[in-house]
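Q: Here the sequence shown is numbered in the working numbering, starting from 663 and rising by one per residue.
No wet-lab data here; the hints were simulated from the structure.
A few of these clues could be false.
Said to hold, decoys possible - Label pairs and their in silico Cβ distance ranges:
no.	residue 1	residue 2	range
1	Gln762	Pro717	25 to 31 Å
2	Arg753	Ser666	32 to 38 Å
3	Pro665	Gly771	18 to 24 Å
What the hints assert, rightly or not - Below are the DSBU-like pairs computed for lysine-lysine, each with C-alpha atoms no more than 30 Å apart in a straight line:
no.	residue 1	residue 2
4	Lys669	Lys686
5	Lys686	Lys705
6	Lys705	Lys667
7	Lys686	Lys667
8	Lys714	Lys669
Virtual Cβ for every residue (Gly too), placed ideally from N, Cα, C.
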Amino acid sequence: MTPSKLKLLTNEELKNLFEQLCVKQYDDLEGNAIASYNRRYDKILAIQSELKSRPGDQRRILMSLFGHPNMQVRLTAAHANLAVDYIAARRELQAIVDSQWFPQAGDAGMTLENLDSGFYRPT
663 MTPSKLKLLT
673 NEELKNLFEQ
683 LCVKQYDDLE
693 GNAIASYNRR
703 YDKILAIQSE
713 LKSRPGDQRR
723 ILMSLFGHPN
733 MQVRLTAAHA
743 NLAVDYIAAR
753 RELQAIVDSQ
763 WFPQAGDAGM
773 TLENLDSGFY
783 RPT
């Protein structure tokens with residue numbers, strides 16, 4: 663989906679598309695389909711960029727996905743919101759680490775380490 667087509671979608675439609683792509687990414691990881699995972703990653707970034715460009719930075723709508731039953735959805739929503747609501751996003755990342763649901767728990771743990779060291783600064 664091109665950025666111009668994303669502009670035509672509502673925030674709710676973007677959130678639903680984000681969720682669907684993340685669930686498919688989870689399936690890609692389980693099936694070791696890395697190329698497919700990466701293509702979906704690019705689409706997810708485009709959705710985040712579109713939400714960020716909207717008045718008031720609408721990435722916060724993705725916070726409604728915190729606690730989602732799919733760990734990839736939770737992880738990606740937390741990453742998307744580190745610059746919007748750092749405390750809530752960090753709490754979600756810690757909950758993922760505590761769940762010990764790998765590989766997402768490993769990703770969340772590395773993100774927290776990179777935040778703490780100053781290596782990663784969300785924008």
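Q: Hint by hint, say whether it matches the structure.
A: Consistency of the hints with the structure:
1. Gln762 with Pro717: 25 to 31 Å: 39 Å, violated
2. Arg753 with Ser666: 32 to 38 Å: With a Cβ separation near 35 Å, Arg753 and Ser666 satisfy 32 to 38 Å, so the hint holds.
3. Pro665 with Gly771: 18 to 24 Å: 32 Å, violated
4. Lys669 with Lys686: Given pair Lys669, Lys686 holds - Cα atoms ~22 Å apart, limit 30 Å.
5. Lys686 with Lys705: 12 Å, holds
6. Lys705 with Lys667: Holds: Lys705 and Lys667 sit about 12 Å apart, inside 30 Å.
7. Lys686 with Lys667: 20 Å, holds
8. Lys714 with Lys669: 12 Å, holds
Taken one by one, the earlier hints fail for this structure at numbers 1, 3, listed in ascending order.
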